[in-house]
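Participant: What follows is the residue order along each chain.
10 protein chains.
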Amino acid sequence: MRFMVQMVVRLPGDWPADRLDAISKAENARGHEMIKAGKLRRLFRIVGKRANYSIWDADSLEELHENLQSLPMHPWMDVTVTPLIEHPSEVAFKELHGDIPPLD
Amino acid sequence: MRFMVQMVVRLPGDWPADRLDAISKAENARGHEMIKAGKLRRLFRIVGKRANYSIWDADSLEELHENLQSLPMHPWMDVTVTPLIEHPSEVAFKELHGDIPPLD
Amino acid sequence: MRFMVQMVVRLPGDWPADRLDAISKAENARGHEMIKAGKLRRLFRIVGKRANYSIWDADSLEELHENLQSLPMHPWMDVTVTPLIEHPSEVAFKELHGDIPPLD
Amino acid sequence: MRFMVQMVVRLPGDWPADRLDAISKAENARGHEMIKAGKLRRLFRIVGKRANYSIWDADSLEELHENLQSLPMHPWMDVTVTPLIEHPSEVAFKELHGDIPPLD
Amino acid sequence: MRFMVQMVVRLPGDWPADRLDAISKAENARGHEMIKAGKLRRLFRIVGKRANYSIWDADSLEELHENLQSLPMHPWMDVTVTPLIEHPSEVAFKELHGDIPPLD
Amino acid sequence: MRFMVQMVVRLPGDWPADRLDAISKAENARGHEMIKAGKLRRLFRIVGKRANYSIWDADSLEELHENLQSLPMHPWMDVTVTPLIEHPSEVAFKELHGDIPPLD
Amino acid sequence: MRFMVQMVVRLPGDWPADRLDAISKAENARGHEMIKAGKLRRLFRIVGKRANYSIWDADSLEELHENLQSLPMHPWMDVTVTPLIEHPSEVAFKELHGDIPPLD
Amino acid sequence: MRFMVQMVVRLPGDWPADRLDAISKAENARGHEMIKAGKLRRLFRIVGKRANYSIWDADSLEELHENLQSLPMHPWMDVTVTPLIEHPSEVAFKELHGDIPPLD
Amino acid sequence: MRFMVQMVVRLPGDWPADRLDAISKAENARGHEMIKAGKLRRLFRIVGKRANYSIWDADSLEELHENLQSLPMHPWMDVTVTPLIEHPSEVAFKELHGDIPPLD
Amino acid sequence: MRFMVQMVVRLPGDWPADRLDAISKAENARGHEMIKAGKLRRLFRIVGKRANYSIWDADSLEELHENLQSLPMHPWMDVTVTPLIEHPSEVAFKELHGDIPPLD
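Sequence order for the protein chains is A, B, C, D, E, F, G, H, I and J. Just so you know, the first sequence maps onto residues 67 to 170 in our numbering. Just so you know, the second sequence maps onto residues 67 to 170 in our numbering. Just so you know, the third sequence maps onto residues 67 to 170 in our numbering. Just so you know, the fourth sequence maps onto residues 67 to 170 in our numbering. Just so you know, the fifth sequence maps onto residues 67 to 170 in our numbering. Just so you know, the sixth sequence maps onto residues 67 to 170 in our numbering. Just so you know, the seventh sequence maps onto residues 67 to 170 in our numbering. Just so you know, the eighth sequence maps onto residues 67 to 170 in our numbering. Just so you know, the ninth sequence maps onto residues 67 to 170 in our numbering. Just so you know, the tenth sequence maps onto residues 67 to 170 in our numbering.
Bound conformation, chain A alone:
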């Protein structure tokens, strides 16, 4: 199953650089575990903001929740989860024209 997850991070403006740095490193480390596990499939930074659109795969809703909640910045995030399915136009494309080129 696939989900679009929008995360808007609202950290206090006056955190010192080392606290920001520490939580960013921890966030990256946890994100990398999620990528390796095939759960966090893509992670896009929204230009100009401390926010992202990310694409998550999950075998269950429980797994997705656990993974999102495990992110160190989660207590400062507004998270919106949107369930996705294959679009009928993509299905039709594959039938007519073959595979869709993978997203680099």
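Watch out, some of these pointers could steer you wrong.
[What the hints assert, rightly or not] Restricting the straight-line Cα-Cα distance to at most 30 Å, the calculated cross-link-like pairs of lysine-lysine (DSBU-like) are:
| id | chain 1 | residue 1 | chain 2 | residue 2 |
| --- | --- | --- | --- | --- |
| 1 | D | LYS115 | F | LYS160 |
| 2 | B | LYS115 | C | LYS91 |
| 3 | F | LYS102 | E | LYS105 |
| 4 | G | LYS115 | I | LYS102 |
| 5 | I | LYS160 | J | LYS102 |
| 6 | I | LYS91 | G | LYS115 |
| 7 | J | LYS160 | B | LYS105 |
| 8 | C | LYS105 | D | LYS160 |
| 9 | H | LYS102 | J | LYS115 |
| 10 | G | LYS102 | E | LYS115 |
| 11 | A | LYS115 | I | LYS115 |
| 12 | F | LYS105 | H | LYS115 |
| 13 | E | LYS115 | H | LYS115 |
| 14 | E | LYS105 | F | LYS105 |
| 15 | J | LYS105 | I | LYS115 |
| 16 | C | LYS105 | D | LYS91 |
| 17 | C | LYS115 | E | LYS105 |
| 18 | H | LYS91 | J | LYS115 |
| 19 | B | LYS105 | A | LYS102 |
| 20 | I | LYS115 | B | LYS115 |
| 21 | E | LYS102 | F | LYS160 |
| 22 | J | LYS160 | G | LYS115 |
| 23 | H | LYS105 | G | LYS160 |
| 24 | H | LYS102 | H | LYS115 |
| 25 | A | LYS91 | D | LYS115 |
| 26 | D | LYS91 | C | LYS102 |
| 27 | I | LYS102 | J | LYS160 |
| 28 | D | LYS105 | C | LYS115 |
| 29 | C | LYS160 | D | LYS105 |
| 30 | E | LYS115 | H | LYS160 |
[Claimed, not checked] Partial list, computed: chain G residues near chain I (C-beta under 10 Å):
| id | residue |
| --- | --- |
| 31 | LEU77 |
| 32 | GLY79 |
| 33 | ASP80 |
| 34 | TRP81 |
| 35 | LEU86 |
| 36 | VAL113 |
| 37 | GLY114 |
The set of hints was computed from the structure by calculation and includes no laboratory data. Glycine included, each C-beta is placed from N, C-alpha and C at the ideal position.
Use these hints to put chains B, C, D, E, F, G, H, I and J onto chain A, whose structure you have.
Facilitator: Frame of chain A, contents of chains B, C, D, E, F, G, H, I and J only:
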């Protein structure tokens, strides 16, 4: 360049089936041209709605606009374009661990 | 998998009674098929509105979408799908106290 | 009487783990009393958020308010109470097809 | 049980006077039945708008819904139902000072 | 003149019980003065929230403002004042059927 | 008593010029009666929109409602009424410095 | 040039009385300078709120900004500036009926 | 004086091509007159939408309103006018470093 | 490529003057570097607010993000990035009438 595009389609509720069918076919046909051209990279249906999240690549903003506007359902869409960049966590992943598995 | 689905139905105010009646009957008939199939688990009317909260089970997101889209009133609905998991407090209850009484 | 209650919990991001733990335990304990009393009928976690949809029964509005207000996290919650009634489609189902399977 | 109900009526701007007049008369007639039955307790026009705040009593949520839905203008209304209880300050007043003067 | 006033109180979540208790007592005491003066006509708690709908009478807008501002919790409130008039349906009721029963 | 009234007029985009002209003339004529009566004190067009801020005096809320509702464009307006009082800073000004120059 | 300015002041709820008093006095003093200079033409308190509608004249947008920013409470304000022009109905009134009575 | 004007155009989705074409031509023609007059300084299309950000100069608010209202698509537009001044950072730049390069 | 960027700055109301002054100087200095580099093309202060509309050019989305994020006030900003293209009306103007006068 990459963009997250959310499209919410608001067709009148009482269009006859053949009008819906005709515009859906035309929409698919144009979408397929965009996929073949490497511009519409992925198209996800939002569960429960006539709406989608789609990922578009474009060499220029002009090209992106022209492609979005060329969709037959565009006059009935609310379109939101969000510019994206590679997330620093993905960059760090590649440096540390190699490629991110392509999104099937 | 379980989902909370809020449906707000916006029918034109001046539909004649027989058209309202016909679509309501068709909506009920389709809903009953969904109940029998174990997919539409509960359907609650929101007091004072032509709107509901409903609880849907689905083996896949594709199935959920197909079921929601099959409702005759779907073209006039605003649909919001919220993925749900068991709440940790319910999990703890079961461990400590046994089953939660079924929802009549 | 039945109510859909949406609770969005906004705890400060930097509470220490033991404070979070203590209030979560107290919240669970109170919730379990409500389940045993047949008042909190179901409690669903919204995926990705510290938020829930919950279904409450109450003999009176006074009772419902007292129960909601007794939750230890209530001072940090945004609470929305929506009165529900049996949906006419469920009523029709029971007449035509018998009981709706209980919600596990 | 008591409820605050806000009704915002959105009639098409170009209805002819006799259609407006007919539905207003029907609306009044039904409202008067509700007042006589002790269900519609008060009805206040919001200054400058075709909208009201109204106070409804009901023995059940089912009764409240049926009553609201029976209004001839209901198909053109946005209805918001807010459950109310006696305010603790009113309770304390009665204990300390006796009855609150009835609302004329 | 009559006004519907919605008050949403946003007190910090971690106030100690005695501070909450002190301000609640002061709020009640001031409210009781307003009731005795015939200005605060009714005060309803919104179920599940630290919020109310209240009905205020005032001889002038100045008086209403002074009364609202005199409440000890006013600095933590979001206040919305809606001017009300008798609804034409209530006027017609009185002409046709006599007095509307007073709101207990 | 004084009120700030914001009116946003939403006329259909394709009304013919003579219909627009007729309703504008009727609207002006009724507004002029209100000015002469000392009720509509000022009327400001919001730059770029078919909308205004207007200042109304009224001896009663009933009078204000009747006047607003008598405007020919009222069925196509979104009207927001905000009760105003003299600002304490204006009061202090008058005590300290004399009259505030009249608003031309 | 004329502008409608809405100011919503959000002071922390627990400021001590003397701090509130000091900033209110400073705010008044600066406001009085603006009135004397013919820039702040009218200032209306919104009933029930620490908020106002005010009418400002300015010879330039720079002047208006400087004046608004010079208010001691400006750092705690949400300010909305709406450019105004004479309404065509006021223009027509003057042509047909002479001056509009000044706003006391 | 300078203003940022956001225009969102909401034309009916099913206008025939020739009607769209005719109004677009008229809109362009009027826009060109505004450019020649030095009033419409820049006009940017928002990617993916029938909407724009535009920068207008005006000697008066009256002139700006007249110009905006003269656009043939105005009856179908949502228009938001934001007054602008030179930013203090641009002022400082000019003092320190000379002219800002003109916007091509 | 060109982007409209709206920045709303939310600094705590009680920062001392020297802290405000220091961050403003740093913000200006960084902005000036961006102007010199041809990236920040124009910067307009919104009248009455600590907010701006700014026009940015960028060779890539990565560059734009890096530039926005480098601003010292960025942690206290709400940033909205809107991709822009030349408006077809400007294109037509150039073909018919020659260059659009540069924006001073």
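Participant: Each of the hints needs a verdict: does it hold here or not?
Facilitator: Comparing the hints with the structure gives:
Proposed proximity of LYS115 (chain D) and LYS160 (chain F) is contradicted: the alpha carbons are some 52 Å apart, above 30 Å. Note on LYS115 (chain B) and LYS91 (chain C): the hinted pairing holds, with a Cα-Cα distance of about 22 Å set against a maximum of 30 Å. Our distance criterion of 30 Å between C-alpha atoms is met by LYS102 (chain F) and LYS105 (chain E), whose separation comes to about 28 Å. Pair hint LYS115 (chain G) plus LYS102 (chain I) holds up; C-alpha atoms about 23 Å apart against a cutoff of 30 Å.
Distance check on the hinted pair: LYS160 (chain I) and LYS102 (chain J) sit about 11 Å apart at the alpha-carbon level, within 30 Å; holds. Restraint check for LYS91 (chain I) and LYS115 (chain G): the C-alpha separation of about 22 Å stays at or below 30 Å, so the hint holds. For the suggested pair LYS160 (chain J) and LYS105 (chain B), the alpha carbons sit about 29 Å apart, so the restraint of at most 30 Å is met. Among the hinted pairs, LYS105 (chain C) with LYS160 (chain D) is consistent with the structure: their alpha-carbon atoms are about 16 Å apart, no more than 30 Å.
Of the pairs offered as hints, the one joining LYS102 (chain H) and LYS115 (chain J) holds, with about 23 Å between alpha carbons and a cut-off of 30 Å not exceeded. The straight-line distance between the Cα atoms of LYS102 (chain G) and LYS115 (chain E) is roughly 23 Å, inside the 30 Å bound, and the hint therefore holds. Proximity of LYS115 (chain A) to LYS115 (chain I) is assessed by CA-CA distance (about 22 Å); at most 30 Å being required, the pair is judged to hold. For the given pair, LYS105 (chain F) sits about 18 Å from LYS115 (chain H) by alpha-carbon distance, which is consistent with the 30 Å threshold.
With a CA separation close to 22 Å, the supplied pair LYS115 (chain E) and LYS115 (chain H) stays within the 30 Å bound. Proximity of LYS105 (chain E) to LYS105 (chain F) is assessed by CA-CA distance (about 26 Å); at most 30 Å being required, the pair is judged to hold. At most 30 Å may separate the alpha-carbon atoms for a hinted pair to count; LYS105 (chain J) and LYS115 (chain I) meet this at roughly 25 Å. Using a Cα cut-off of 30 Å, the hinted pair LYS105 (chain C) and LYS91 (chain D) is violated, with the two alpha carbons roughly 34 Å apart.
The straight-line distance between the Cα atoms of LYS115 (chain C) and LYS105 (chain E) is roughly 18 Å, inside the 30 Å bound, and the hint therefore holds. For the hint pairing LYS91 (chain H) with LYS115 (chain J), the CA-to-CA distance comes to about 22 Å; that is within 30 Å, so the pair holds. For the hint linking LYS105 (chain B) to LYS102 (chain A), the alpha-carbon distance of about 28 Å falls within 30 Å, and the restraint holds. For the proposed pair LYS115 (chain I) and LYS115 (chain B), the alpha carbon gap of about 21 Å is at most 30 Å, so the pair holds.
For a cut-off of 30 Å, the pair hint linking LYS102 (chain E) to LYS160 (chain F) stands: about 11 Å separates their Cα positions. At roughly 29 Å between alpha-carbon atoms, LYS160 (chain J) and LYS115 (chain G) fall within 30 Å of each other, so this suggested pair holds. Of the pairs offered as hints, the one joining LYS105 (chain H) and LYS160 (chain G) holds, with about 16 Å between alpha carbons and a cut-off of 30 Å not exceeded. In summary, the hint linking LYS102 (chain H) to LYS115 (chain H) is supported, as the alpha carbons are separated by about 26 Å, within the 30 Å threshold.
Distance check on the hinted pair: LYS91 (chain A) and LYS115 (chain D) sit about 22 Å apart at the alpha-carbon level, within 30 Å; holds. Among the hinted pairs, LYS91 (chain D) with LYS102 (chain C) is inconsistent with the structure: their alpha-carbon atoms are about 39 Å apart, more than 30 Å. Between LYS102 (chain I) and LYS160 (chain J), the direct Cα distance comes to roughly 11 Å. Compliance with the 30 Å bound is thereby established for this hinted pair. A hinted pair counts as satisfied when its Cα atoms are at most 30 Å apart, and LYS105 (chain D) with LYS115 (chain C) qualifies at roughly 25 Å.
Of the supplied pair hints, the one linking LYS160 (chain C) and LYS105 (chain D) holds, its CA atoms being roughly 16 Å apart against a limit of 30 Å. For the hint pairing LYS115 (chain E) with LYS160 (chain H), the CA-to-CA distance comes to about 29 Å; that is within 30 Å, so the pair holds. At its closest, the beta carbon of LEU77 (chain G) sits 7 Å from a beta carbon of chain I; the interface hint therefore holds under the 10 Å criterion. Interface restraint check: GLY79 (chain G) against chain I, minimum CB-CB distance 4 Å, threshold 10 Å, status holds.
Interface hint status for ASP80 (chain G): upheld, as the beta-carbon distance to the closest one in chain I is roughly 8 Å, under 10 Å. At about 8 Å, the closest approach between the beta carbon of TRP81 (chain G) and any beta carbon in chain I falls short of 10 Å, and the interface hint on this residue holds. For LEU86 (chain G), the suggested interface contact is upheld, since its CB lies about 9 Å from the closest CB of chain I, less than 10 Å. Because the closest C-beta pair between VAL113 (chain G) and chain I is about 5 Å apart, less than 10 Å, the hint holds.
Interface restraint check for GLY114 (chain G): the shortest CB-CB distance to chain I comes to about 4 Å, inside 10 Å, so the restraint holds.
Hint compliance for this structure: hints 1, 16, 26 are not met, and every other hint is.
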